[in-house]
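Chain by chain, the residues run as shown.
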Amino acid sequence: MSKVLELNQIKAAGSASTKEDAIAEAAHILIAAGAVTPEYLDFMKAREELTSTFMGNFLAIPHGTNEGKDTILSSALSFVRYANPIDWDGNEVRFVVGIAGKDGGHMDTLAAVATIFSDNDEVQKLIDASDDAELFALLSELNDA
Amino acid sequence: MTTTSTPAKTGGARVGVQKFGTFISGMVMPNIAAFIAWGFITALFIPDGWLPNLGFAPEWVQQLGGWSVNEDVENLGIVGPMITFLLPLLIANTGGRMVYGVRGGVVGTIATMGVIIGAGIPMFLGAMIVGPLAAWVIKAIDRLWAGKIRPGFEMLVDNFSGGIVGMLLAIAAFAGIAPAVTALTRALESAISFLVENGLLPLASVLVEPGKILFLNNAINHGVFTPLGTNQVAMDGKSILFLIEANPGPGLGILLAFLVFGVGLMRASAPGAILIQFVGGIHEIYFPYVLAKPLLVIAAIAGGMTGVATNVIFDSGLRAPASPGSIIAVIAQTPPDSLVGVLLSVVLSATVSFVVAAVIIRAGRKRDLEAMADGDDALAAAVAKNAANKGRESSVGDLLGTGAAATGAAGAATATKIQNVVFACDAGMGSSAMGATVLRNKFTKAGIEGVTVTNKAIANLDGSEDVIITQNELTARASEKVPGAIHVSVDNFMNSPKYDEVVDMVSK
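Protein sequences, first through last, are from chains A and B. Position 117, counted from 1, in the first sequence is what our numbering calls 117; the numbers after and before it change by one each time, with no gaps. Position 447, counted from 1, in the second sequence is what our numbering calls 447; the numbers after and before it change by one each time, with no gaps.
A portion of the hints provided could be inaccurate.
DSSO-like cross-link-like pairs, simulated, lysine-lysine; straight-line CA separation at most 30 Å [what the hints assert, rightly or not]:
#1 LYS148(B) <-> LYS3(A)
#2 LYS481(B) <-> LYS45(A)
#3 LYS69(A) <-> LYS148(B)
#4 LYS148(B) <-> LYS102(A)
A short, non-exhaustive set of chain B residues, derived as facing chain A with CB atoms under 10 Å [unchecked claim]:
#5 PRO151
#6 GLY152
#7 GLU154
#8 THR182
#9 ARG267
#10 CYS425
#11 GLY435
#12 THR437
#13 VAL438
#14 LYS442
#15 ASN455
#16 ASN472
#17 LEU474
#18 ASP491
#19 ASN492
Simulated restraints, written as ranges between beta carbons of each label pair [claimed, not checked]:
#20 LEU73(A) <-> ARG367(B): 55 to 63 Å
#21 ASP70(A) <-> ILE141(B): 32 to 40 Å
#22 ASP158(B) <-> ASP70(A): 21 to 29 Å
#23 LEU144(B) <-> SER15(A): 45 to 53 Å
#24 SER140(A) <-> PHE153(B): 21 to 29 Å
#25 LYS445(B) <-> ASP70(A): 35 to 43 Å
#26 ASN66(A) <-> GLY463(B): 34 to 42 Å
The set of hints was computed from the structure by calculation and includes no laboratory data. Source: prediction; values computed, not measured. For glycine and all other residues, C-beta sits at the position ideal for the given N, C-alpha and C.
Chain A extracted, bound-state conformation (with noise of 0.2 Å):
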């Protein structure tokens, strides 16, 4: 089985600079990594305008709806970082993780993308990685949780 997040699926610098750009940007890391079909950013959007997927300590989630999960292939994650934050209803957000949850493969990741983002020094530390690989090297623990 593959590992949800590949070196290739973390974005430093992210070139979307409005809410609707970020998620087709998440969109289509995960449609490169063949883990969703290209319906697959409607069901997000349709998810964005249900609720804000903004969690809070400058993170974002957006993801599908129920109805669109037969859209997802398998289960994976996107990692953008934005230089300059996003308006997302009203809430700044620096980091943009897409996800596609296929079966609740994705869900150890997701529980430590939780971990580290309720944990302000960890926040941090991101925010102050230097490059993908960084970005990389603090997430690696995702992959092994």
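Knowing the structure of chain A, use the given hints to seat chain B on it.
Same frame as chain A, but now just chain B:
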């Protein structure tokens, strides 16, 4: 069994019986539609049913009734499987759900198959015992490893533990409970034959009526009265024994009492039930009404004894079994010299059971109305539960508003300890899983044990949750789904001050 047939003398026992009654009622009443469907199907399609009696009995009617002689088809019919399997399993499922949500319902239903196959007769008593019991067992077992399962494996563990426990309970029920019930049925049969053979006929009603309510009517009728009665007919040309169980009067009286004095669903469904019972001769239709209010068995006994006594006085009887026990079948089997006695026995038994039932129903009417006003319609397990729920809801308001003062109130208001905290979101895939992890870590740090924190899709909430945490926008949907739980809204899943309140609340 003893609880249903020996209703209360003292105050404490009275409350006990009422509680038992409301629980039984909660199991039976939601399924009343299935009983009505079965009643109509039976009245229409059995060999003595309405359609064959009208001379309309094509192949498909025979197949539905289960009496086709065509060897090329499965000839199960729909009547037998419905009463043997469907109705008891529905009751078991509802009973299981009341104890432990959908999961309790599933395991209770599996286990009940064991009793049904083991007993070989319609097994309502067994279903009412095994359904909730099995749900309680799986609830206790789940608690053993609650919170210790790696995230993502919950469903796997749940499915296999539920399946294996269900299987074991079905086997245990087959081996243990079914023989006990069969023995009980036999004992009842021999006790009734003893009374009959010793001329203590009216006393037979004391056993026959409770036996009927437990759906042992056919066992009693065919096991005791038909053989003994047939002997009497050979000598006297008629037998009173055919009327002891088959007299539709007592059931009619009870249903009429519901029609006049009942509330909610029981009242609304009474007219249809009367048609099925009195004209259709399917007595089973009124048994759930009595099971829902076990004290009513007194009305059934009083009515039954009145009917038997009337027939003894008038020396009246039937030429052959009235099967089914419809007023039409009864009259058709009445010899001319018995007509007055038989009709009087039906009318008088109905009157007596009506009067007794009316008193009992009226005595509980206020409570039933309150239960209905709370939206639970005589599903009165609800009464006590509602009180608790109200306490919880108000404490929720406080919790969301003023915080500290409220946590004490919540601790006091919830009689049960908080054990099951659930994060809910739309898909149960993202935000709720993260929130659950964060809170689980907080619980571990606070040294809290014995409380599970899981995440679910809102659509999968099943009422077993003590505390439900949702994002602000989703709280309304979640509290609509599970009004009985404490609801907590958060806006920041990663680092909400609400978490500390929940930790406080749980550690008390």
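Here is how each hint holds up against the structure:
no. : hint                                : verdict
1   : LYS148(B) <-> LYS3(A)               : 24 Å, holds
2   : LYS481(B) <-> LYS45(A)              : 25 Å, holds
3   : LYS69(A) <-> LYS148(B)              : 27 Å, holds
4   : LYS148(B) <-> LYS102(A)             : 22 Å, holds
5   : PRO151                              : 4 Å, holds
6   : GLY152                              : 3 Å, holds
7   : GLU154                              : 8 Å, holds
8   : THR182                              : 45 Å, violated
9   : ARG267                              : 40 Å, violated
10  : CYS425                              : 8 Å, holds
11  : GLY435                              : 7 Å, holds
12  : THR437                              : 4 Å, holds
13  : VAL438                              : 4 Å, holds
14  : LYS442                              : 8 Å, holds
15  : ASN455                              : 9 Å, holds
16  : ASN472                              : 8 Å, holds
17  : LEU474                              : 6 Å, holds
18  : ASP491                              : 8 Å, holds
19  : ASN492                              : 3 Å, holds
20  : LEU73(A) <-> ARG367(B): 55 to 63 Å  : 56 Å, holds
21  : ASP70(A) <-> ILE141(B): 32 to 40 Å  : 33 Å, holds
22  : ASP158(B) <-> ASP70(A): 21 to 29 Å  : 23 Å, holds
23  : LEU144(B) <-> SER15(A): 45 to 53 Å  : 50 Å, holds
24  : SER140(A) <-> PHE153(B): 21 to 29 Å : 22 Å, holds
25  : LYS445(B) <-> ASP70(A): 35 to 43 Å  : 39 Å, holds
26  : ASN66(A) <-> GLY463(B): 34 to 42 Å  : 20 Å, violated
Consistency with the previously given hints fails for numbers 8, 9, 26, ordered from lowest to highest.
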